[in-house]
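Take these sequences, add in the hints, and give me the full structure.
Under numbering that gives the first Met the number 0, the first residue of the sequence shown carries the number 0, and numbering increases by one thereafter.
No lab work stands behind these hints: they were computed from the structure.
You can trust all of the hints, since none of them are fake.
Capping the alpha-carbon separation at 20 Å, the derived lysine to aspartate or glutamate pairs in EDC-like fashion look like this:
id	residue 1	residue 2
1	K195	E102
2	K89	D117
3	K177	D225
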Amino acid sequence: MASPTSDNHDGTDQQTVDSVVMLSDEFLHTLIAELNNDAIVGITLGGSYVRGNATPYSDVDLGCFYKDEASRLPHRLLYRKGLLVSINTKTVTSIRADLARPERAIFLVATPRLILLDKDGSVAELLQKIATFGWEPLQQKAHEYASFQMMLAAELVHKILSEILRRDDLAIACATAKLLSSLTEIVAVQGGVLVKSDGAYYQQVEAAVGTETAWTRYHRLVAGVDMLPANVSPVKVRAVAALHLYQETITLLRPTMRPEHMAVAEQAMSVFHTAGPRLRL
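Right, dumping it as structure tokens:
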């Protein structure tokens, strides 16, 4: 493989951000030797270097599998040969448990991984389990998770309205960002969207809902992707769009939400619509 691991990763690097780079075997072998110890059972490489779309700014995404939680070190970052190396620590047992949780599984099963080290075969067995993963057994749990989270998100609706009344733009922006993140995850989990990468996350969720739907139009507006009208407060426009996004999410999830959760969500929207004239929304 062509090596991107020379020390020339400063401002003089002439590679463009869309150029594809690869890791040398020597670089990977050196990393394995540095990280390997008696507490580790395996190491995997994931992320853009495995997907084949790495840029000079991509991090090297390593998964270090420890024997047990007691020996597991915290997630850490370091630089090697000018590249940022992200060392995610985990256990085979914890990942197997995550596969039974829909809110975790959607971020696990569609991500390709390359085994760099596997001392006892447990990492290969885990990746085989991931490769044969089926969503259907988790669908009911996904409905329940999404329904519960929609109820909890009603608090953010009230938070946004409160901060608009206070005219606190930073607080509005903070609450809006939280609601966007929550609603995106809710729809992804409920719909069983198996996320390929962080970069593809929003695009996959929007595609699952429909690119021409009201939900996606509000989602893009809140995310700051689409243009805003001239001479308006972008903070307030995105906040109001987030409230409409909540309403559209209710519509999407209505058939699967629990009645008690739906009652809270709909009451939050009633508060929003009642507050409209007062807050000039």
